Every structure is written in C-alpha cells, then in structure tokens.
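Visitor: The residues making up each chain are set out below.
Number of protein chains: 2
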Amino acid sequence: MNSGANSLYPLLRPDTVAVIGAAREPHKIGHQVVRNLIEGGFPKERIFPINPYAEHILGLKCYPSILDVPTKVDLSVIVVPARIVPKVLEECGKKGVKAVAIISSGFKEVGNVELEEKIVRIAKKYNMRLLGPNIVGVCDTIKSVNASFCQSLPLRGNIAFITQSGALGIALVGWTKMHNIGLSDLVSLGNMADVDQSDLIEFFGDDPETKVITLYIEGVKDGRKFFETCKRVTVKKPILAIKAGKAERTVRAIKSHTGSLAGSDSAYNAVFKQSGVIRVPTFPDLFDWAVALSISPKPLNNNIVILTNGGGAGVMATDAAEEYGISLLEMPKDLADRIRKYMPPFGSVLNPIDLTGMAGREWYRESLKELLRDSRVGGVIVLYCHTAITTPREIADAIIEAVRTVGYCKPVVVSLIGGEEVIDECERLISNKIPCYDSPEKAMAAMGAIIKYYSDREKILSRKYPRLNVDYEKAKGIIEKALKRGHKILSPREAAEIVEAYGIPVVSKKLAKSKEEAIRFAEEIGYPLVMEVDSPHILHKTDVGGIIVGVNSREEVGKAYDDIIRNVSEKAPEAHINGIIVRKMAEKGREVILGMHRDPIFGPVIMFGSGGILVELLKDVSFRVVPLSVEDAHEIIEETKAYKMLKGYRGEKEADIDCVIDAVLRLLKVVEDFSEIEDVDINPFFVYDKGKGGIAVDVKIILS
Amino acid sequence: MNSGANSLYPLLRPDTVAVIGAAREPHKIGHQVVRNLIEGGFPKERIFPINPYAEHILGLKCYPSILDVPTKVDLSVIVVPARIVPKVLEECGKKGVKAVAIISSGFKEVGNVELEEKIVRIAKKYNMRLLGPNIVGVCDTIKSVNASFCQSLPLRGNIAFITQSGALGIALVGWTKMHNIGLSDLVSLGNMADVDQSDLIEFFGDDPETKVITLYIEGVKDGRKFFETCKRVTVKKPILAIKAGKAERTVRAIKSHTGSLAGSDSAYNAVFKQSGVIRVPTFPDLFDWAVALSISPKPLNNNIVILTNGGGAGVMATDAAEEYGISLLEMPKDLADRIRKYMPPFGSVLNPIDLTGMAGREWYRESLKELLRDSRVGGVIVLYCHTAITTPREIADAIIEAVRTVGYCKPVVVSLIGGEEVIDECERLISNKIPCYDSPEKAMAAMGAIIKYYSDREKILSRKYPRLNVDYEKAKGIIEKALKRGHKILSPREAAEIVEAYGIPVVSKKLAKSKEEAIRFAEEIGYPLVMEVDSPHILHKTDVGGIIVGVNSREEVGKAYDDIIRNVSEKAPEAHINGIIVRKMAEKGREVILGMHRDPIFGPVIMFGSGGILVELLKDVSFRVVPLSVEDAHEIIEETKAYKMLKGYRGEKEADIDCVIDAVLRLLKVVEDFSEIEDVDINPFFVYDKGKGGIAVDVKIILS
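Which chain is which? The protein sequence lines are A and B, in order.
Counting along the first sequence from 1, when you hit position 672 you're at 672 in our numbering, and nothing is skipped either side.
To convert, take the position in the second sequence, counting from 1, and add 1000; that gives our numbering.
Bear in mind the hints are in silico, worked out from the structure with no lab data behind them.
Values in this document were obtained by computation on a predicted structure and should not be read as measured data.
The beta carbon of each residue, even a glycine, is placed where N, CA and C say it ideally should be.
Don't take every hint at face value.
To give a feel for the contact side, a few chain A residues facing chain B, derived at Cβ under 8 Å [claimed, not checked]: (1) Phe149; (2) Ile170; (3) Glu218; (4) Gly312; (5) Val315; (6) Gly419; (7) Glu421.
From the structure, some residues in chain A lie toward chain B, with a derived Cβ separation under 8 Å [claimed, not checked]: (8) Leu168; (9) Val173; (10) Phe346.
Taking lysine to aspartate or glutamate and the EDC-like style, the derived pairs with C-alpha atoms no more than 20 Å apart in a straight line are [stated by the list, open to error]: (11) Lys1061(B) / Glu1025(B); (12) Lys246(A) / Glu1323(B); (13) Lys619(A) / Glu1322(B); (14) Lys1464(B) / Glu1228(B); (15) Lys619(A) / Glu1638(B); (16) Lys95(A) / Glu45(A); (17) Lys1177(B) / Glu421(A); (18) Lys641(A) / Glu591(A); (19) Lys619(A) / Glu1591(B); (20) Lys1177(B) / Asp424(A); (21) Lys641(A) / Glu1591(B); (22) Lys1619(B) / Glu638(A); (23) Lys1641(B) / Glu639(A); (24) Lys1177(B) / Glu420(A); (25) Lys236(A) / Glu209(A); (26) Lys1619(B) / Glu652(A); (27) Lys641(A) / Glu1639(B); (28) Lys619(A) / Glu639(A); (29) Lys1690(B) / Glu1654(B); (30) Lys1124(B) / Asp1194(B).
With the hints as extra help, turn the sequences into a complete structure.
Guide: Given below as structure tokens:
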C-alpha cells in the first residue's frame, strides 16, 4: 500500500467521484451522499452513482458497476452493506480506483474483525488507499466535495479538521458555520483500517490550502508514526488537538465505543509537547485558537501589552495571562510617556494600559500605533467594553487603521465585549486577519496559543541530540546472561552494573556469598555500609527485613549478615538468595527518581521526578517519549517540583543539575540500545551540590 | 445611616425618580439618563428632571431644585459635577429622599478623598443610602428603571448582577441580551462610599424577584460583613462570583514564612468556600451557571448519568466530569437492562450511555424517562450531536416530554451540538426550565455548579462549632507579660506554653540559664535531647548554629551549651540570649504545619499543610477564615496532599488525624481569644499513628 501523503490526493482532492450503493429512496444514505455531492457544488457530470437496479438517480445516469463507468474514477464512496463491501472493493481495484471512502459500518466496531482485515487485504492488493470503514465521509471545500452524509459542506476556509467521532464531525459542520469559521476539509476517520491521523496530517502539512490542522483524537494506533509525523509537520504549520480520555473513566468509555486501545494520557502529553502539537481543552477553543493561528503574524517576542477602556476587562485579562503563563511587558518609561497623551489624567500607563471609558477611535488608534511601532512589545491584546461614548465600529476602524499604518508586524488579538452590535465588527476584524473574541479570557487564550506555537517551533528546530560514550558490550553481556537464566527481574547488582556501564554513577557494592566474604568486602569498601539481600524474587526489600543500614564494624557486618538471612528465610521462604550485597552508605543527597516504562502505543517513556518516599505522595513526575533531545532532558526536569528543590530554596545551594540531565540522557541511551528492557527504576538517585555530581542508590531493571 | 437591606428599597425598586443635573443636550449624561428612564418604560409622570435653566427636557417638566418637586421622591440620580454634589445632596436630604445614586465622578478615584468623605457625612446626616459615586447607574427590570447611562435595560429576568466595573456592566447589558439571558437588576458599585456588595447581597437575598445573585468583585472593603452576609444568603439562594485579581499580590510585611504563603486571594477563596459562594472563572460561565441555577431543581444525589448519541461528545463530557469532580453513576444492571431496549446492539449502557447516531425522539424520551424515574440517578446530562437521522426539535420535544411525564425531579442539563438549527431549540429548552448549552463541557460545568450549590448549602446548614476547655488565664498572663516587656516575638518557650495552655501538646522543654542548670534539666527530662538557643531576636536558629540535636549525655549537654553560646555570639552578636532550651527529642512523626496570620480584609486566617522542609517546596497549604466549624477543620486538612500522607499510603498506617483536627480547632480558639496575636506558626507538628496523638515541636508566635 502506498503510504505517502501524495497517495491521499485522489481521496481529498478528487476530480471524479463514484457512489457505490447510490439509492433512489431519499431516506437512504446512498441517496443522501449523491444529493450532498450535487448540492455541495461538485460538477454533476463527474459524479457517478453505482446501482445495478436504477437508471437515474437525482437526474444522474446510473451505472450497474464501477467497471461500467466510462472514465477514470478518483474516489469511490462506498455505502453498500458490510458483507458486499469486499465484492465492490475488488471491482474498484480492477477499475484502477486509487482511493475509497467506506461509509458502511458493520466491521471491527461491532466485532467483525475478519471482514475488516479482508477489505484491508483487498485495498492493499490494488494499491488503494482506504478511509474508514464506519465513517461519516469526507468534506472538501476546496474542490466542493461533500462525499458524506453531512447535510451541507462547511464554509470554505483554511483549517483542516480530522475527527475520530463522526457524530461530532457532523454537528461541528453546523457549529463552525454558525460561528463563521471556514474549513478546508472535514475528514471522519472511522475505524482507521488504513488511513489514520498521521497520513492526513502529512497530507495537510503539504497542502497549500490548509493553514492550520485540527484534530479530535480518542486514540492513535501507531504512536511512533504519529510522533514522527507531527514533529515534521508542526514546523510547517500549527497542529491543534483535542485529546479525549484524560480521565480513567473516559478511557473506558472510549474502549466501549471504538474498541481502540488507549495509550496513557501522560504519554500523549509528552508526545504533544515533544512534537509541538498544542493540546486544546474544548472544541470551541479548538476553533478559536485555529482561527487566531491561521491569520495572525508571529510575535516579536513573548512580552504582551494589554490595551483596554475598562479596568475590569483589563484585570480579567491579567488573570488569564497568569493562567496561560503569558508574560506581560513591564512598560518602559519612554513608551508609557508616549501613550499617556491618549488618555485622561486618571488613565493608567501601567500594563494593562487603561485608556478609561472616555476612550474613542483616536486614542485607541494612536496608542495601538505606538505599541505596534515599539519592538519591545511582542504582541497586543486590545479590549473594548461597549460604552455610550463610541461605537464598536469606530474601535474596529481604529484597530484596522493602526495595523494598516504601522504594518501587521506582531499579533493583535481583540475582545469586543457587548451585545449584537459587536458581532459584525468582530467578523470584520477577523476578515482583516485580526482575531477577535467576545471575552478577554478567550482573547488571551488565543494569544497564548500563538505564542506557544512559535516558541515550540523554534525549540523543535533547534533541538540537539546527545552523543555519549557507553560500554554497550558489557551491558549486553549482563542482559544476555540473565535472559539465558530466564530471569526477568535483574538482581540489583546486575541492574547497577548495566547503568554503570552506561556512565551513570552507582553506589559501589559487592555481592557476598558468605559471612566471611561480606566482612572482607566491608573492609575493602569502608564504613559505614548498607547490607541488603540480593534476590530476583524480592522487589521491596524493606518489607521482608532484607536491608540493614548504618553497619559500622566487622562485628556488625557479621550480625547483619545473619539477621538478613534469618529475616528473609522467615518472611519470603521461597525466594532464592544470590547473596548479600555490601554497599557503601552514600552521603544523602537530594532525592530524585529516574525511570522508564513502555507505553503500549508510544513505546519507551522516560520519567523524572521527586524521589525517595515522596514518589507516591507527590506524584511529581514528568514524562518524555524517546528519543529525547538535550532540550527535552532539560525540560523534563524543569517541569517538576523536584527542579525547584534542585535549584535550592530557602538559602540552600543549587544541586548538580547537569549530572541529572546527563543521567537522564544516559538512561535514554540504555533504553534505546536494549529493547529487551521493559522497565527501569532508579530511586533514589542522590543529587549533591553543584559540581559534586550525584549517584544512583537503588536500580531496578525488568526485562520483557 | 440605616444599614438594613430594606433601606435599599427606594434605591432598587423606586416609584419616583429625580435626575439632578438633567440636561437638554443629547450628548450629556444628564440627558441620556432621562432618555433611558423614559425609553426603559418607567412612567413619565414619575420622572422629575432637575435643572434650574430648563423648563422641559424630553417633554418632561423640569424643576429648578429637588425641593420644588411636588411629590415624594424615592430615588435621586445625581449627574452634576463633583463639586456641586454636596449642595444637591443637602437638598435631597431636606426633601426627605432616602436613596441617591451618584453617577458623577471626580471623588476618591481621582484622589479627592475629602470630597467623598463630605458626601458620606451629608448622606449619613439625612439617613440617606448612597450608591456610588462614580457609577454607571442602576438598572432594574422589575420596575423598568433604567437610571443609568446603559443605552437600554437588560432583558427582564431573575438574576441580579452586581459589578465593580462600570464598563463591564454596560457591555454585559448587550451581551446578556444577545444570549437571551434575563436580569432582575444590574447595579454598578463605583467607589462604594456607602452601599457595598454586602448591602446589595442582603437586599437581593430577600428580594422575591431574584433567584440567583451574581457578582464581579475586585475587592471588598469590609471582609467580615461580606463573609457573614454571604453565609446568611447562600442558604436562601445561590451567589456566584467572579473575583478578579488572582495574579495580584497583596503587599504585606513578611514576618515569618507562614505569612508569605498566603496572599489575600487565598483568603477570598477560603471565604467563598466557607460561605457557599461559588467562584466562577469567566463571565460567560457566570451567566451560564446562573441560568442553570435559576431554573433547575435540586439533584437527588451526586451521581450523574450522561446520555448521548455520539461517543465523542460522551467522552468529552466524561473528561469534563473528572475536571469538575463530578461523580458518574456506576450503572446498576437492572437500570442498564431497561435502557438497553432503546438502542441498537452496538450501543452502550455504560455511563456515558451511548444511544448511537441512530437515536431519535423515542429512544431519547424513553431512556430519559427511565433515568428520571430511578432514584439512584442524581441528575442527567443529555447530549445530542446534530445528525441527519433526526432534528434538534424532535430531541428537545423528547426531553420536554420525558420531564413532563415523570416530573422535573432532578436536574436535566442538555447540550445540543450543531449549527443555527439548534439555537431555537436550546432557547425553547431553557424556557421550559431545562438548561441547555452548545458544548458538552459547558453542560457539565453547569451541572457541577448545581451540585456544588446544593451540597455546599447542606454543609453550611449542618455546621457545628466546637466547644473546648482551655486555660485562658495562663495564656493571657504570658501575653501580657511579653507586651509589658515590649517583646513582639515571643520566645519559643512562651509560645509553647500558650498553645499548651490551649490543649495542644508540645514537646517538653525547659529554659536553662546556665550550663549547670542545663545539665540538671537534661537529667530530669531524659535523653536524647535537643538544645537550642532562646532569643527573641533569632527566628531561624539553624542559620546561626543555635540548635544541636541528638544530645545523649551529661558531657554532651555541657559541650552543646558552650557550642551554642559561642556560635550565636559569633553569628548574631547583637541577639539577646534568654538562655538555652533543653527539650526532649521527640520521636519523629509525619510532619504538618499549622499556622495563622491576619488578612487585612478578612482578619484571622488559619492555615494547614505539609510541614517540615516541605512547606516552601510544595506550598501544600489550605486556608480558612475564622470562625471555623468542625467541618471546616476537617476540610482544611482534606484539601491538602498532607491528608493523603496522614491517611497512609504504600502500606503505611493511618495517622492520628483526629488529633490534627483537634489541634486546628484549639489553634483557632487561641486566635479568637487573643486579638493581640498577629501570627502563629507551628512547624513541624509531628503526627503519630492513629490513636497515638501528635505533638508540636516548634511554635512561633508574633504579637501585633
């Protein structure tokens, strides 16, 4: 099957469309699709209804089979019952059709896995791309293709919308029209037997008609493909996604209605962050932000200024800025002085700039011009509460004039607050490429999306990947030996040796097989010591009395050895004991955790967070999927509260954060090199003061 | 000045209105107010324009002074320049007017404090209530009074809106009209020289025309009055508030690190929680939720069921339920079986119940009837994605029919997702008292507000206040002595004795004035010990080497004594040393912090959270203003992460939470009894396993 994005051209920009299962009865979907194509404005002479029992449908000539159509067919829309789909698909293949959209349901979503596999095989055989089955269809406003049972096409525009929920797709056609939002395409994904989110993202990434890609996601099938595709596309244009299934309950609901396997939400979050996809909370936000990104220029920098005629609206916007992490410019004195001319004496030149309720067209225009001209201002939020002093029309004029005079060099996002009288002006601003909303919070949220997109993009473009020297052979040897013995849980000693081979310092330890050996090792390592049981069957050593700390002399070593053996024999009689590990008691540092697990969808996920006893209490952890760039290694640390602890607070010195970053990257390398490793847990990892490094105290590794 | 809510009757429900400063020129506010009154529908014969230079304004007879008006005047609206306000106010007083609304600006907001004080004195003298100055005016739809410069009245309704931002008020008149939301009143507060939020809340609380009170707050002047008023009113009707200024930092002297954690926004939050006021993030939410609360019945219980025809919408609603902390009913088998009849085999009877895109009027109606009849269902969210199968009209009919048949016994909140075609149906549902929104998240948020209001109300009604035995005299003696000496920072020993007198256990300690005394006390108390300097000038003892732990023998006591004296003399040479405290080294427990500080607006605020070194890292603290009920003492603990730690995790035993609740209530009592205390900080307080109590290790008290 051709998997390039270009192979979707016949699916999304077809010149000819056949409807297999076209029907004369108006209540049937096979009828509605033909009608929708005609009413959507697709040229009638290039629509081919297929129905062996009809001569004409809606005035179009009918063909008994697709094989009878006299010309080339780009897209076949299939609406026949599920059991007949394989037969008509074979015919499509023979006809040389390169794209099919299967609206019919009755496949995997009702447990009919075999039938779905069969149609995938047929499509593959003929090198056809297959959308669906179980979809609403495809709406393409560029070529006026309403190959769906949506009653009408969306408005023409440059936002592509890819949805995993058909019903939501249909409903949003109406919703976007009502809000005057144009789409280039609306594609319903259905069961994703072949074409999936990634294929469509790739296509729209290259599509000159699409400026912003929006998604409603319940789950992706191929996590790695999704990740790689998004990384490539977000540097070209913004991708915004609603990802449903934050709540555990929701994951269950998704399973019940799509049967799809949901990866963990934290893995999705990591993928979005690392690939520059902006996660959006609700569908109104999705389109609000998409519109802003589709028309707005890049911010000059990340410092925003708020211009308002109402203190209240300014305060709300300030709160929203805090919520979205948007920095507000400290107004430089010279700029403040220039703007002071356009307000009464009781106005404010702090940020928010309050022109007061007396502000009209001129003050708005002139102060906005000053803000546009000043390169210290990254972007401007203009707020207007409708007053009796002036009209929304005058304010919209002022904004448009200022932007035209100075040039549209940075984002200007507006909120006109009022009744019916502001709606037209809001739309006029948008058609002048100035995003406009009905509340200060929405304006600030849209500005937040603009800032986030461009700063994420810069980060992705400048990412560097680490090069590290490691002892691959040594680690490989340990893993192979363990696998041969059939041990999935590596002993602490083996685990320690593997990460040590990869350059992560580990507390020095030796495995003693006898009391005498323990004493000898103790004398070599030096006191104080920790002694602990080494057994592949014991994960939590404390629980079985398998660990004793603060061992200070020969005598104590002997006693500890006996105590551990006795404790473990009593509490875990079936555990095989390899021996007793004698290790240096490390000076206590700040405790962090490093780890890795495999997500069913996205593969290896690296974790970092507060360690020691705090792990389960705080759940202060952050995640990244592999590969991590050096910047990711910084970010995974900076996102946590542990970072604040490492930076030092209440007069504490800064800890050796570089050594933690290094350890994260080395752990990453272990995971990349050995797909046999299922799970790594380094906890605690002690971090010492800056320049003094850090050390892994306890390392657990589980093989798959 | 009469401060009862009834005294606001002439202000908000006037029968006659004078406009002092009425003008002939259409651009003047004095003209607009007269015009707005007439156009708003207030009887012309009861409007009295006052202007010595005009005979008629807008066809109404003008009077030179209010003293010339032949009948009684309920409300005087004043629009003359600020400097003339005192004069006309005197005349109002003499006329016997009981309410004035001063639109004029030029008072405190521009620094003219004296003039504002003067008008307050005049109003007081004549027992007049005064709204403003510096307001937009008052809009009352009940008596059709548009005594403002808002161009029109809001739609008639039963939501009162009180705003501290005039511009926002004007803009929201239009906004609420556009969204078909009715208000009983819109009141702009201005400078609040007399009438404030609390007065208006009290009035609307008793007003039969008002069902829900909404507020836009920037700050209240009298925090205690606000708190007490809200507590009284929320049990009668819901209060919803936007509180702006989350990001604003209230400047406050940092006397100990306890105080540094509590900005005044946390005091507002505490007040809202304790008084049952629902804090709302944005103004669209404010009115969305207000509408829901104004028409919806009480939930039967807190378990909600989602009914949908689109899996995607159901998933979004489920995520939103998680976000708003709404519990979704685990569907009982018998109920599920009854509903299964109204869906195809591939539908889902889990919650969300997915009727699938095939659902029409009958399935919606019948399944909703089942949900309404079942008492295990507390409320229902009905979602409809507009499909080709049916119309929004049919679904709205289905919902209305179900509610009519079974009875409106629990909240039914709807989201119709689609375009223009759903708007009318949404409004029809609302006029049938069924809240309806355009997105699943908004529907769930509104349901959350309904649940929150009724459960908070129940909590407030059932609150109990504690009775405790304490040794008031002893604590009083210590405080008086300290005050006499002029010490604001109590010594650790004095602080410990005060909280001990109030029944909070404190680690036993004695103050040694000499090395010999230290040794004697040590032998009495028993080892191991902690020794620390007692000085009113040293807050952080560790920083000056003023504390030594793990002192185990006579010899060590002597050495520690000398070391501390030497360390402190070197590092804090100017500190007066009372002596050295010798205290039992307490067995380490789980560490929490208890504290109190005084908020400039709301008075004493009690704090609880994770203690020890975690205080500043986690900022895991929760606040309540006094008085706290027993339930508040539970909640302040349950809101924190520390609670999870106290409950025990990873196999740990539960800690003695009762002893923490007791300590919170006893600390509250200390604070209530001694207004001289400015700040208390008990950190750490060690909590032992259940039944084993807890103990305060370090107590700091600062007097004002």
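Visitor: Give a verdict on every hint.
Guide: Hint-by-hint comparison with the structure:
1. Satisfaction of the interface hint for phenylalanine 149(A) is found here, the shortest Cβ-Cβ separation to chain B being roughly 5 Å, below the 8 Å cut-off.
2. Taking 8 Å as the C-beta contact cut-off toward chain B, the hint placing isoleucine 170(A) at the interface holds, the least distance being around 6 Å.
3. With 8 Å as the threshold, the beta carbon of glutamate 218(A) comes within range of chain B, its nearest partner Cβ sitting at about 6 Å, so the hint holds.
4. A hinted interface residue such as glycine 312(A) counts as satisfied when its beta carbon comes closer than 8 Å to some beta carbon of chain B; here the least separation is about 2 Å, so the hint holds.
5. Hint status for valine 315(A) relative to chain B: holds, with the closest Cβ pair at about 4 Å, below 8 Å.
6. Checking glycine 419(A) against chain B: minimum C-beta separation of about 2 Å stays under 8 Å; hint holds.
7. Nearest Cβ of chain B to the Cβ of glutamate 421(A): about 6 Å, under the 8 Å cut. The hint holds.
8. Given hint, leucine 168(A) at the interface with chain B, holds; its Cβ is 4 Å from that chain's nearest Cβ, closer than 8 Å.
9. Proximity of valine 173(A) to chain B holds as hinted, the smallest CB-CB distance being about 7 Å (cut-off 8 Å).
10. Annotation: interface hint on phenylalanine 346(A) holds; nearest CB of chain B at approximately 5 Å, less than 8 Å.
11. Simply put, lysine 1061(B) and glutamate 1025(B) have alpha-carbon atoms about 16 Å apart, close enough for the 20 Å limit, and the pair holds.
12. Distance check on the hinted pair: lysine 246(A) and glutamate 1323(B) sit about 9 Å apart at the alpha-carbon level, within 20 Å; holds.
13. Straight-line distance between C-alpha atoms of lysine 619(A) and glutamate 1322(B) comes to about 18 Å, which keeps the hinted pair within the 20 Å bound.
14. Restraint check for lysine 1464(B) and glutamate 1228(B): satisfied, since their Cα atoms lie roughly 16 Å apart, inside the 20 Å limit.
15. The straight-line distance between the Cα atoms of lysine 619(A) and glutamate 1638(B) is roughly 17 Å, inside the 20 Å bound, and the hint therefore holds.
16. Restraint check for lysine 95(A) and glutamate 45(A): the C-alpha separation of about 19 Å stays at or below 20 Å, so the hint holds.
17. This hinted pair checks out: lysine 1177(B) and glutamate 421(A) have alpha carbons roughly 11 Å apart, not beyond 20 Å.
18. Pair hint lysine 641(A) plus glutamate 591(A) holds up; C-alpha atoms about 12 Å apart against a cutoff of 20 Å.
19. At roughly 18 Å between alpha-carbon atoms, lysine 619(A) and glutamate 1591(B) fall within 20 Å of each other, so this suggested pair holds.
20. Of the supplied pair hints, the one linking lysine 1177(B) and aspartate 424(A) holds, its CA atoms being roughly 16 Å apart against a limit of 20 Å.
21. For a cut-off of 20 Å, the pair hint linking lysine 641(A) to glutamate 1591(B) stands: about 19 Å separates their Cα positions.
22. With a C-alpha separation of about 17 Å, the suggested pairing of lysine 1619(B) with glutamate 638(A) holds against the 20 Å cut-off.
23. Annotation: proposed proximity of lysine 1641(B) to glutamate 639(A) holds, straight-line Cα distance about 19 Å (limit 20 Å).
24. Only pairs whose Cα atoms come within 20 Å are accepted, and lysine 1177(B) paired with glutamate 420(A) is accepted, the gap being roughly 8 Å.
25. Between lysine 236(A) and glutamate 209(A), the direct Cα distance comes to roughly 13 Å. Compliance with the 20 Å bound is thereby established for this hinted pair.
26. For the proposed pair lysine 1619(B) and glutamate 652(A), the alpha carbon gap of about 17 Å is at most 20 Å, so the pair holds.
27. Distance check on the hinted pair: lysine 641(A) and glutamate 1639(B) sit about 19 Å apart at the alpha-carbon level, within 20 Å; holds.
28. As the CA atoms of lysine 619(A) and glutamate 639(A) are separated by approximately 13 Å, the hinted pair is consistent with the 20 Å bound.
29. With a C-alpha separation of about 6 Å, the suggested pair lysine 1690(B) and glutamate 1654(B) falls inside the 20 Å cut-off, and the hint holds.
30. Between lysine 1124(B) and aspartate 1194(B) the CA atoms are separated by roughly 9 Å; this keeps the pair inside 20 Å, and the hint holds.
Checked against the numbered hints above, the structure violates none of them.
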